[in-house]
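S.K.: Build out the structure end to end from the sequences listed, making use of the hints.
Going by UniProt numbering, the letters in the sequence shown line up with residues 1 to 416, in that order.
No lab work stands behind these hints, which were simulated from the structure alone. Quantities reported herein were computed from a predicted structural model and do not represent experimental measurements. One or more of the hints may lead you astray.
[What the hints assert, rightly or not] When the alpha-carbon atoms are kept at most 25 Å apart in a straight line, the in silico BS3-like pairs for lysine-lysine are as follows:
| # | residue 1 | residue 2 |
| --- | --- | --- |
| 1 | LYS30 | LYS362 |
| 2 | LYS234 | LYS30 |
| 3 | LYS237 | LYS29 |
| 4 | LYS29 | LYS362 |
| 5 | LYS30 | LYS180 |
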Amino acid sequence: MVTTSQIDPAGRGPTPALPSSALADAVFKKLMEDLGRVQTGRTGQLRTYTPRVELLAEAVTPDTFLLVLQWISSTRRGSIQTKRNYVDDVRRVWAGYAAELGHERFFVGCFTAEQVTAWRIRAEAQGARPATIARYLRSLSSLHVYAAERREDVRNPVLRDDLPRIDKGNTSSSTPVLEKEEIQALYAAAASELDLTVVALLYTLAGRVSEMCAADVTARIERGRRSYLDVTRKENKERILALSTFVAELLDTQTAGRTEGPLLLDAADNRLDPSDVDRILTRLGHRARVLTCADTDRPPAPGERRHSFKRCERCRDVTPQVMRASRITHMLDDGVDLVEVQAFADHENPATTVGYRERRHKHERNATLSDAGAAVLEGIRPAWRPDPHADTPVDGTDLVEVRLPGQNPGQLAVPL
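M.R.: Structure below.
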């Protein structure tokens, strides 16, 4: 027997048919929990959250809704954050593009290869980063590949030629790394115990924001004098992470008197979600002047627009990934063995850990080579440039004749 499962009580979305059984209810409940909620409104301090499943149901046709849920339930997409990212890509990016093309809702097969190419070209013209474009295209491609294994009439509209080439050596868009002093400034800028806990927990454990937000009070484990946190990492891997006494005491403040429920709560006693953590870190970064340019505090000149953090290409937000990247980099700076860092960060591929070290060393090597090049020219003053301190060369400086191939000799003031 098949009945309709009410996804949206307000009647805004479709009512997909799901098997009426205890098993189906349990499966759907698990999917609801995995996909979480999205903030869809805010009035003052009051925030409105909507289950991501409901938003997906509004954006796609009923058949595609069920297909997407099956797709993200695959064991190849074990990470909760990956599931959420894929659903967001479908409902925000591809459902929006489908509406532009005249479709009421997104469905598998609604795009042609030419339309996907047109989307990619427009995204490039609008300044989207190649990595961002590639991510959206890969999610669309993955969904169609999955569907094609189940339906003969499905063809993948994403061509290999549309996937941007990613420059592996490009560090301009890499996650910024804070120095230790900047981490300390961030912590000192905290305005509440929750701020302190968020900074300390993410940095000391090099944790991912999704696993911290998903943890419950019952995840705390006490063994002897040491406190631990049981977290679920990517690919549903269970890890027991040791907490320092310092961090354990901060968590004690957050969970005082509670024996169940979320480990971290917001001001309204709701589970802290990744977007809440993003806002906390962004606020602390602005207050501590971390990852901000010099123009942030400079008063605007007459007729000049006031500096805008969002419009500035040099200012960056402090994010949970910034905290994680900083901690991993600092461990490598301190000489911690690469294998230990890989295990602590839970990198499946050692190349990921090596990448942090290589980016750090690349910046240092480039700075050293740049300084060496500048040293060749420092202290040399062309004869035609006046000495700011005297009318004639200062003591210890002689005019040296330098002859270049094909040129007349010139004089340079060279310190001897």
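S.K.: Indicate, hint by hint, whether the structure satisfies it.
M.R.: Against the structure, the hints come out as follows:
1. Between LYS30 and LYS362 the alpha-carbon distance is near 44 Å, which puts this suggested pair outside the 25 Å criterion.
2. For the suggested pair LYS234 and LYS30, the alpha carbons sit about 17 Å apart, so the restraint of at most 25 Å is met.
3. Note on LYS237 and LYS29: the hinted pairing holds, with a Cα-Cα distance of about 21 Å set against a maximum of 25 Å.
4. For the given pair, LYS29 sits about 47 Å from LYS362 by alpha-carbon distance, which is inconsistent with the 25 Å threshold.
5. Restraint check for LYS30 and LYS180: the C-alpha separation of about 39 Å exceeds 25 Å, so the hint is violated.
Checked against the numbered hints listed earlier, the structure breaks hints 1, 4, 5; every other hint is satisfied.
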